[in-house]
Amino acid sequence: MRLLFSPRLLEVEVVIKLLAEAFDPFEEVKRFQEQSVGSACAVGATSIFIGTMRDFNDGDPVVSMFLEYYPGMTERQLKDIVAEAIGQWAVLNVLVVHRVGDISPGDPIVVVAVETSHRGDAFDACRFIMEALKSKAPFWKKEQLKSQKSRWVGNNSKGYAPE
Amino acid sequence: MRLLFSPRLLEVEVVIKLLAEAFDPFEEVKRFQEQSVGSACAVGATSIFIGTMRDFNDGDPVVSMFLEYYPGMTERQLKDIVAEAIGQWAVLNVLVVHRVGDISPGDPIVVVAVETSHRGDAFDACRFIMEALKSKAPFWKKEQLKSQKSRWVGNNSKGYAPE
Amino acid sequence: MSIKVRYFASLKESLGSDGVELFVTEPLTVEQTWSQATGQVGLPDNILVAVNMVYVDQTVEITDGDEVAFFPPVTGG
Amino acid sequence: MSIKVRYFASLKESLGSDGVELFVTEPLTVEQTWSQATGQVGLPDNILVAVNMVYVDQTVEITDGDEVAFFPPVTGG
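Residue numbers (our numbering), protein chains in the order written: chain S, 216 to 378; chain Z, 216 to 378; chain P, 458 to 534; chain G, 458 to 534.
Simulated from the structure, these hints should not be mistaken for lab results. One or more of the hints may lead you astray.
Keeping only pairs whose Cα atoms sit at most 30 Å apart, straight-line, the calculated DSSO-like set for lysine-lysine is [stated by the list, open to error]:
no., chain 1, residue 1, chain 2, residue 2
1, Z, 364, S, 245
2, P, 461, S, 232
3, S, 294, Z, 373
4, Z, 373, S, 373
5, S, 245, Z, 245
6, S, 232, Z, 245
7, Z, 364, G, 469
8, G, 461, Z, 373
9, Z, 373, Z, 361
10, P, 469, S, 361
11, P, 461, S, 294
12, Z, 357, S, 232
13, S, 373, Z, 294
14, S, 351, P, 469
15, S, 373, P, 469
16, G, 469, Z, 232
17, G, 461, Z, 361
18, Z, 351, G, 461
19, Z, 245, S, 361
20, P, 461, S, 357
21, S, 364, P, 469
Required output: the full structure, derived from the provided sequences and hints.
Below you can see the structure in the form of structure tokens.
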């Protein structure tokens, strides 16, 4: 499955993809940059966030994960989140790629890349998109533990190493 | 020129490079990830910042740029900045690559990549390193303008699009 | 009037169903939709509700053709 | 005592030199070092000073073997 939007919201190139297979985050960003060359030499700053599946969570070894989503609503939420970021910061191009389905440790889960002229906008918009995605985009993780048990992840954390 | 440090500060893999030739930021990050595979499946978050040379600045078209630095002090400042980030956030691996010498529009100038278990640490440490680099690392940009004039960049901006 | 109800993730598992279609004669509240769909009284804590793929609070009125989704906190990224 | 003085970037250009070696009989202040090296009275505004590749404020004492660098605000990244 491969969903592609290029709404040219306010002249901003936006690509949002959900992928059911493993992907190389750097290839995704490169391909995106090749198709948005119009703004190439205006881009001064690129902030990229990559979320990767770890092999442990909450103290337990995890061997695989299933990522469920809500077809239609997930894409819509991601589009709305990106549009909100574009409204708030001076953004040139935005890429969001998110994995769905069965995932193995080490696999990239999400990539957000934001290109801007100036670094503050890139950092802020990229982080905003990630935090909004974490709290609003309908994805749910089910972990298969090494102990043979499985469990749904209850809540996304605040994003820092536990004390 | 190619300077490499791997001080394993607190078990953190740190690579700092100054490069006199154009580089591919994604190849640099990939190579870095391949050599720091020990922590591969503990990495849950990667925050990458890429600074790229734009073809205009302060309203003027820029055709090329020279990046001067202070051999010895520049590397030392970068190491100290990374060490400070490591002291402050739960960081697994850090890569800093910075270009020196003659640069063309579209060329990457700097890449900072920070790998952590949790996203907050990655975002914060990456941004901290970039801001500290901008304010402390001895690099100086001289712009060659389309008008044939050249000028030293006076000050780094706060990092946002001008109002 | 027809209302499409959908469940996701742990809620889908615990209810043993991915949803149901309701046929009703007048608009429902969110809580009435939940009760009619699941047979349970009262919406569980911590449940999120979307109508036509947009988050809503529980005061919204559910009417003909709406798709109502109930799901646990999201955990993507 | 020998003190190595270095200039960078626009300062190097405006002074027409990348530095000088000073031979002195006793420790200098930062400002004395600047004056002896450049022949100018008073350190320009906005100048950064590093001694042995570490930033210092202008109260530090410059002594034998030190490398003192003067340069404009940095503009990397």
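Hint by hint, here is what the structure shows:
| no. | hint | result |
| --- | --- | --- |
| 1 | 364(Z) - 245(S) | violated, 34 Å |
| 2 | 461(P) - 232(S) | holds, 26 Å |
| 3 | 294(S) - 373(Z) | holds, 29 Å |
| 4 | 373(Z) - 373(S) | holds, 27 Å |
| 5 | 245(S) - 245(Z) | holds, 13 Å |
| 6 | 232(S) - 245(Z) | holds, 22 Å |
| 7 | 364(Z) - 469(G) | holds, 18 Å |
| 8 | 461(G) - 373(Z) | violated, 34 Å |
| 9 | 373(Z) - 361(Z) | holds, 25 Å |
| 10 | 469(P) - 361(S) | holds, 24 Å |
| 11 | 461(P) - 294(S) | holds, 24 Å |
| 12 | 357(Z) - 232(S) | violated, 40 Å |
| 13 | 373(S) - 294(Z) | holds, 29 Å |
| 14 | 351(S) - 469(P) | holds, 19 Å |
| 15 | 373(S) - 469(P) | holds, 26 Å |
| 16 | 469(G) - 232(Z) | holds, 25 Å |
| 17 | 461(G) - 361(Z) | violated, 38 Å |
| 18 | 351(Z) - 461(G) | holds, 22 Å |
| 19 | 245(Z) - 361(S) | holds, 29 Å |
| 20 | 461(P) - 357(S) | holds, 25 Å |
| 21 | 364(S) - 469(P) | holds, 18 Å |
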